[in-house]
Amino acid sequence: MHVRVFYNFPSDWCMAFSCHFKIKFLLYTRANSLSPEIVTNNSLSIQASNFSSTRKTKFIIHGYTDKHGPWMIKMAQAIIERVKSQ
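Following our numbering, the numbering of the sequence shown begins with 1 at its first residue and continues without gaps.
Simulated from the structure, these hints should not be mistaken for lab results.
Ideal placement from N, C-alpha and C gives every residue a C-beta, glycine not left out.
Check each hint, because a few of them may be wrong.
For lysine-lysine, the following DSS-like pairs were computed, each having C-alpha atoms within a straight-line distance of at most 27 Å [stated by the list, open to error]:
1) K74 / K24
2) K74 / K56
3) K84 / K74
4) K24 / K84
5) K84 / K58
6) K74 / K58
7) K84 / K56
8) K24 / K56
9) K58 / K24
10) K56 / K67
11) K24 / K67
Label pairs and their in silico Cβ distance ranges [stated by the list, open to error]:
12) S43 / R82: 14 to 20 Å
13) R55 / L34: 23 to 29 Å
14) A31 / K74: 14 to 20 Å
15) A78 / Q47: 17 to 23 Å
16) E81 / N41: 24 to 30 Å
17) L44 / W71: 27 to 33 Å
18) L26 / R82: 17 to 23 Å
19) I38 / K74: 15 to 21 Å
20) S43 / W71: 28 to 34 Å
21) N42 / R82: 26 to 32 Å
22) S53 / K84: 28 to 34 Å
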(Lines of atoms letter the chains of each structure in order from A and count residues from 1; the text may use other names and numbers.)
(Lines give C-alpha, C1' and ligand atoms only; values in the text may rest on other atoms or scores of the structure.)
Protein backbone atom coordinates (compact mmCIF):
# COMPACT_ATOMS: atom_id res chain seq x y z
CA MET A 1 0.00 0.00 0.00
CA HIS A 2 1.39 3.39 -1.00
CA VAL A 3 0.50 6.55 0.89
CA ARG A 4 1.28 9.99 -0.43
CA VAL A 5 0.22 13.45 0.63
CA PHE A 6 0.08 15.89 -2.27
CA TYR A 7 1.44 19.13 -0.89
CA ASN A 8 4.88 19.22 -2.43
CA PHE A 9 5.01 22.83 -3.57
CA PRO A 10 8.25 24.45 -4.74
CA SER A 11 10.04 26.05 -1.78
CA ASP A 12 10.07 29.51 -3.40
CA TRP A 13 6.28 29.34 -3.80
CA CYS A 14 5.90 28.42 -0.13
CA MET A 15 8.12 31.29 0.94
CA ALA A 16 6.00 33.72 -1.07
CA PHE A 17 2.66 32.40 0.16
CA SER A 18 3.58 31.10 3.64
CA CYS A 19 2.76 27.39 3.19
CA HIS A 20 1.55 26.09 6.49
CA PHE A 21 -1.05 23.64 5.30
CA LYS A 22 -2.50 21.35 7.92
CA ILE A 23 -4.01 18.72 5.68
CA LYS A 24 -6.27 16.17 7.36
CA PHE A 25 -7.82 13.08 5.87
CA LEU A 26 -11.12 12.21 7.55
CA LEU A 27 -12.27 8.69 6.77
CA TYR A 28 -15.98 7.89 6.80
CA THR A 29 -17.00 4.27 6.21
CA ARG A 30 -20.08 2.13 6.80
CA ALA A 31 -18.57 1.25 10.19
CA ASN A 32 -18.14 4.91 11.19
CA SER A 33 -20.54 6.99 9.12
CA LEU A 34 -21.26 9.51 11.90
CA SER A 35 -17.79 10.07 13.28
CA PRO A 36 -14.76 10.11 10.96
CA GLU A 37 -11.39 8.58 11.66
CA ILE A 38 -8.39 10.84 11.14
CA VAL A 39 -5.94 9.06 8.85
CA THR A 40 -2.38 10.33 8.58
CA ASN A 41 0.08 9.86 5.75
CA ASN A 42 1.65 6.65 7.01
CA SER A 43 0.70 3.06 6.35
CA LEU A 44 0.23 2.15 10.04
CA SER A 45 -2.49 4.76 10.39
CA ILE A 46 -4.32 3.39 7.35
CA GLN A 47 -3.92 -0.24 8.45
CA ALA A 48 -5.39 0.61 11.88
CA SER A 49 -8.40 2.34 10.29
CA ASN A 50 -11.57 1.04 8.66
CA PHE A 51 -10.09 1.73 5.20
CA SER A 52 -10.38 -1.11 2.70
CA SER A 53 -8.52 -0.98 -0.60
CA THR A 54 -11.13 -3.33 -2.10
CA ARG A 55 -13.91 -0.76 -1.74
CA LYS A 56 -14.42 2.30 -3.90
CA THR A 57 -12.95 5.45 -2.39
CA LYS A 58 -14.46 8.90 -2.82
CA PHE A 59 -12.86 12.19 -1.81
CA ILE A 60 -14.78 15.24 -0.65
CA ILE A 61 -12.60 18.30 -1.03
CA HIS A 62 -13.72 21.57 0.49
CA GLY A 63 -12.48 25.02 -0.50
CA TYR A 64 -9.28 26.62 0.69
CA THR A 65 -10.91 28.69 3.44
CA ASP A 66 -13.64 26.22 4.36
CA LYS A 67 -13.29 23.50 6.97
CA HIS A 68 -15.01 20.31 8.06
CA GLY A 69 -18.63 21.11 8.77
CA PRO A 70 -22.12 19.61 8.90
CA TRP A 71 -22.49 19.66 5.10
CA MET A 72 -19.49 17.33 4.76
CA ILE A 73 -20.97 14.83 7.21
CA LYS A 74 -24.28 14.86 5.29
CA MET A 75 -22.47 14.42 1.99
CA ALA A 76 -20.34 11.54 3.32
CA GLN A 77 -23.45 9.79 4.68
CA ALA A 78 -25.29 10.27 1.37
CA ILE A 79 -22.38 8.75 -0.55
CA ILE A 80 -22.18 5.80 1.86
CA GLU A 81 -25.95 5.19 1.56
CA ARG A 82 -25.84 5.33 -2.23
CA VAL A 83 -22.95 2.88 -2.39
CA LYS A 84 -24.81 0.51 -0.02
CA SER A 85 -27.85 0.47 -2.27
CA GLN A 86 -25.98 -0.36 -5.47
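Here's how the hints hold up against the structure:
no.	hint	in the structure
1	K74 / K24	holds, 18 Å
2	K74 / K56	holds, 18 Å
3	K84 / K74	holds, 15 Å
4	K24 / K84	holds, 25 Å
5	K84 / K58	holds, 14 Å
6	K74 / K58	holds, 14 Å
7	K84 / K56	holds, 11 Å
8	K24 / K56	holds, 20 Å
9	K58 / K24	holds, 15 Å
10	K56 / K67	holds, 24 Å
11	K24 / K67	holds, 10 Å
12	S43 / R82: 14 to 20 Å	violated, 29 Å
13	R55 / L34: 23 to 29 Å	violated, 18 Å
14	A31 / K74: 14 to 20 Å	holds, 18 Å
15	A78 / Q47: 17 to 23 Å	violated, 27 Å
16	E81 / N41: 24 to 30 Å	holds, 28 Å
17	L44 / W71: 27 to 33 Å	holds, 31 Å
18	L26 / R82: 17 to 23 Å	holds, 19 Å
19	I38 / K74: 15 to 21 Å	holds, 19 Å
20	S43 / W71: 28 to 34 Å	holds, 30 Å
21	N42 / R82: 26 to 32 Å	holds, 30 Å
22	S53 / K84: 28 to 34 Å	violated, 19 Å
The structure shown violates the earlier hints numbered 12, 13, 15, 22.
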